[in-house]
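Residue numbers (the working numbering), protein chains in the order written: chain B, 14 to 346; chain A, 14 to 346; chain C, 12 to 349; chain Y, 12 to 349.
Hints are supplied without guarantee of correctness; some may be wrong.
As the list claims (entries may be wrong) - Below, in silico cross-link-like pairs of lysine-lysine (BS3-like), each with a Cα-Cα straight-line distance of 27 Å or less:
| no. | chain 1 | residue 1 | chain 2 | residue 2 |
| --- | --- | --- | --- | --- |
| 1 | C | K261 | Y | K349 |
| 2 | Y | K349 | C | K295 |
| 3 | C | K349 | Y | K295 |
| 4 | A | K219 | A | K282 |
| 5 | A | K155 | A | K19 |
| 6 | C | K207 | B | K341 |
| 7 | C | K340 | Y | K349 |
Calculated directly from the structure, the hints in this document are not laboratory data.
If you're wondering where the values come from, they're calculated on a predicted model, not measured in any experiment.
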Amino acid sequence: MSIQLKRREAVQNDEVARYERMIEIREFEEQINGLFATGAIRGTTHLCLGQEALAVGLAAELRPSDIVMATYRGHGIALALGLSPESVLGEIMGKTIGCCGGVGGSMHLCDMDLGLLPTSAIVGGGIPIAAGAALAFQTQGKDGVAVSVFGDGASNIGAFHEGLNLAAIWNLPVIFICDNNIYGEYSRINTTTPLLDLHERAESYKMPHFAIDGMDVKAVQKGVAEAVNRARSGGGPTLIEAKTYRFAGHSRADQALYRPEGELEMWQKRDPIKVTEEDLLSRGLLTADRIAQIKSDMSTTIEGVVATCQASGEPTLASMFQNIWTPKGAINK
Amino acid sequence: MSIQLKRREAVQNDEVARYERMIEIREFEEQINGLFATGAIRGTTHLCLGQEALAVGLAAELRPSDIVMATYRGHGIALALGLSPESVLGEIMGKTIGCCGGVGGSMHLCDMDLGLLPTSAIVGGGIPIAAGAALAFQTQGKDGVAVSVFGDGASNIGAFHEGLNLAAIWNLPVIFICDNNIYGEYSRINTTTPLLDLHERAESYKMPHFAIDGMDVKAVQKGVAEAVNRARSGGGPTLIEAKTYRFAGHSRADQALYRPEGELEMWQKRDPIKVTEEDLLSRGLLTADRIAQIKSDMSTTIEGVVATCQASGEPTLASMFQNIWTPKGAINK
Amino acid sequence: MSTSSVMRFRQAIVAALADEMRADSSVMLFGEDVAEAEGPFKTSEGLLKEFGPLRVRDTPISEMAFTGAAVGAAIMGMKPVVEIMFMEFLGVALDQLVTEAAKMRYLSNGVISVPMVVRASCGSGLGFGSQHSQTLENWVAATPGLKVVCPSDAQAAYSLMRAAIQDSDPVMVLEPRILYAERGTVDTSHRIEIGKARVLRVGSEVTVVSLGQMVNVSRAAIELAGVDAELIDLATVVPWDRETVLESVKKTGRLIVVEEAPQSGGWGSEIVASVTSNLFGTLKGAPFRITTPDVPVPYSGVLEAKFVPTVEDVARQLKESIASGTTPKSWWELEGLK
Amino acid sequence: MSTSSVMRFRQAIVAALADEMRADSSVMLFGEDVAEAEGPFKTSEGLLKEFGPLRVRDTPISEMAFTGAAVGAAIMGMKPVVEIMFMEFLGVALDQLVTEAAKMRYLSNGVISVPMVVRASCGSGLGFGSQHSQTLENWVAATPGLKVVCPSDAQAAYSLMRAAIQDSDPVMVLEPRILYAERGTVDTSHRIEIGKARVLRVGSEVTVVSLGQMVNVSRAAIELAGVDAELIDLATVVPWDRETVLESVKKTGRLIVVEEAPQSGGWGSEIVASVTSNLFGTLKGAPFRITTPDVPVPYSGVLEAKFVPTVEDVARQLKESIASGTTPKSWWELEGLK
Ligand SMILES: Cc1ncc(C[n+]2csc(CCOP(=O)(O)OP(=O)(O)O)c2C)c(N)n1
Ligand SMILES: Cc1ncc(C[n+]2csc(CCOP(=O)(O)OP(=O)(O)O)c2C)c(N)n1
Ligand SMILES: [Mg+2]
Ligand SMILES: [Mg+2]
């Protein structure tokens, strides 16, 4: 079994491993900002700080043969699904060690062995694609499940509406997860749509729907498990709204000064890492010492990852010309 | 006052005139099929047989300074708003007498003096445009109302979702009328979406909504009036679902053999012309004799219209090159 | 086994779809009214019946959703064919084809293939008016990762459709709507490779490159003009067959592109530009394009007949250009229009 | 009154928007995060504050809806400017621009005008990856009824934006994202007409036609190569300035188009094709294009720097082509790539 698949198995099987993965994501994302400052990362990048529980809770309930279509805000999901930090950071740094060899970048992470389609940088673009993956499962008679993760802002775009309706009328094994972090870029949700409980939009397609606490990995798991069971057993699609919050700005330049006073602090009280820590502590699965140890180990690990990625090579000019067309006979290995 | 505006005033002020206009539309649409057979009409055309009440009821409640954005299935709405049968049929026949001089065709009818934007042949395409017209009214501080008429099938396209949400968040003076005739082309509604009461989709945007009996001109008027009042007084958009039925096929070639047995006959019992006849007869506003007279007069009138249009000239080659760019200084007269 | 028979262009499409669906159970078809109604242009006759509702599906009016669904299904091992009823409707779904499908392989380090086909009827001549009659090759043309083909007769419709379905990458098939009813002989064993132009007539005086419904017009114009032209049906717009075209122009020294696209910037500009850059020194006369005028497609039958290049007008320009070596005036310039 | 000052390209856009909004109360602006946040690229700084929430509006992430809303508002007497944050996003809204807006006047017998502006940032160079770095002129180019401009410096950004807003027809303004931060002198009284190219350098040996971010590259390449080139910033892609380009090539006898677009079919193909058709007999050397390779825009900084034509490579091709009269090889052909 590959290291990646072992990483995946860990979050599927062990709640401490899930906690550790959340720490990994937190540590990873916090490194990114620093790397921008040094010029090691260019372009843009979208952190998922505060949304670690959604990523990990989702990965815990899916099989590697299931399919996830996520967005530019995809580092956490990639790590949770099992991609190595090197392959994610390497991609963000445009290095050959990256999961896409450095030609994709932060917004396009992919590992088909772990069920991660290339994340899309087009808002809503992944929704119909996930429905299509589910269509393949259905047509092939497989029990796979496809998942589309997208934001609150994406729920206002046409592809959302069309994709959900299509999934509903075809009864596709797909789960739509609206990661409602209350902001689309710099716009608060109340300025872009009158409906705040976005899962209710599923009514337009007579699709089952509910909200979950996206700050609690166990709540995420429970909600995802319900939808996965429905999808896998032929019961069709579900719209899940995960109530979350983006602790950082939209993308690297953004200081998030538009947030109402106290809003961040209110949500930080429900920091998913804290929520899980308290749970694991209270149930005796972790101690304060162990937590400190995990955090400091992870910090060291991620520093090592940074070093590895920095040492990795730049892509060759030839790699710009590769992977545009499929070589004859090499289809979908 | 132009003849067109008089025709408009008639349907606004007089219920017998409304009945007559419905007869006109019926007679007009029935002529179209015959004209196809003779080759006088090419391309395609989409009849509104059975949907006359919606067209006339709508026109009755709007001012000429309001704006209507309709679809390829627009003959009835054009006639109801006051366009002359010559300008509509002439356009369908590609003659210079047509409202667009023959370069537009059956799917593109327009008369800005009567508030009819060029009807769109793109499903859902008119929805954002109507919202935009309403945006102009709102920004200019005018009390105009914009109306978008579209089909049940159109409610599954992205532009519907985006357009309604935008109108809702901006509180625009626009009315969305979903003409639910149960079919989109050859597909019955239940095969394309799980939701049959389409007005409920307004819940996704917290927009007021209701269904009306689209076979009864008075019910249409009542519903439209409610929405017009709301829009004109700053109350924002409404989604109205008109329950109607398409007595003919989707477009000229279509025999509508896909309809379940008895469905057409069931709806024909509620033929909007019959419904209005019974009402007007019962209230003594019409007699059986007068009805027969109106019908035979209208038949003669429309025959005359056909003759006039047949005698009208073909567009010159020069007209193909006109009206692509706005001449300097000639903007929106 | 080679079987030849005469069939309509649209029947050739049906036959190609059916043959591919028989040969490969991962091929599926969806779009608006393609199943129960067998296609608005009857291009899927009998397919629902033979292959059943799992593989042949009607969709809601949701081009973005079903084009995107094809992307996802293709990645996961299906070979979906989707129908965009009129090419214009891609205007509500282009993102999925150009920005998603065409880049999936690149963005997966070569792991993913997207063997999907998007069929779309296109072009003028049937009185559908300005929103239902355009050729819009440009929307999809300059997109690395995407192939674009356009058959000009029943044989090409059959062979290119099979090739498109067999292709491991996304392929857009542009179907000139006016050809659906045309008959032609189809040999089901005949293959046309994507990326290969078809030399339909060998000649020495001039190379005429054409596509779609303009191929028939070009052929008739060559006859009428009585010139010894080499007629090339480009067949694939992307990646177009540089080799065949260059070889031909090397021989004839002249290039005329006859196309149903606006004068300012159709696919033919690329052909003329590329050939000129490569063969400049060897050309005997000005290479040029015969196109539609820069106007929306008019509805009136009288106007629409004149909108696309006509046999007479192409013949005139063929003769004039060979005689003079310069680019002839368009009919609208001659008429003093525009 | 003429006022000149140095400002950034993005500030020139702000200034043009503000000046038009002051001059004409029907001008309004909407798009994602253009109001409160003053634009993702800070191209609407201060506008909400000065013109208020009726005229400067944030939209939901709904490109189809707000582009369509601009069409409707323009018809009804407003002059809306909408921002498409990255040109790619037009892939979910193209219908409204090409199939609706551009045809409204035609379909209303000349009664309706659609004075709307669609602004979109485009192009590569900033590490945004393959779905956020394309130039996609082709999507909108061959559309009668639609104009397309692309400024290459702060002055053009200011002047073309004003011209676009004042224009009575739909205009698409392509804003090379990499230029937003560049400084330049802006004379607010200087007008650039839509449809007029800018001759930035007079020369006799060769005509270089360029656009957007390639204009600076071309200028530097001309210096580096030490050739006496005439440099033309096309500025308007549709309708492009045939007259200026033809006059220049008549004089120089040579044409090179330097463009940020795929080798197979960018806007430059149209220039090369048209010039060749018209001036065939008078050309001294092969006209050709210097382009990007036919690949998706790569993310890696090393690769992206090489993806667009570089000063060195353009200079090489300038010199080679003048010396030989033939089309030089592209860098990737020289490197044996592809
Ligand atoms: C079609 C499209 N429009 C706009 C954008 C620019 N954009 C990128 S992320 C974003 C905000 C999305 O918000 P949301 O869906 O809530 O996701 P979040 O970023 O909060 O995770 C926008 C507008 C885009 N990428 N694609
Ligand atoms: C974007 C788009 N997709 C598909 C079509 C083809 N088409 C024309 S009418 C129609 C059916 C529309 O059904 P509905 O909205 O119910 O309106 P109705 O025709 O019943 O009035 C379809 C699919 C189109 N014109 N535009
Ligand atoms: Mg969000
Ligand atoms: Mg309908």
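Problem - Structure versus earlier hints, numbers of those that do not hold, lowest first - result: Checked against the structure, the hints that fail are numbers 2, 3, 4, 7, while the rest are satisfied.
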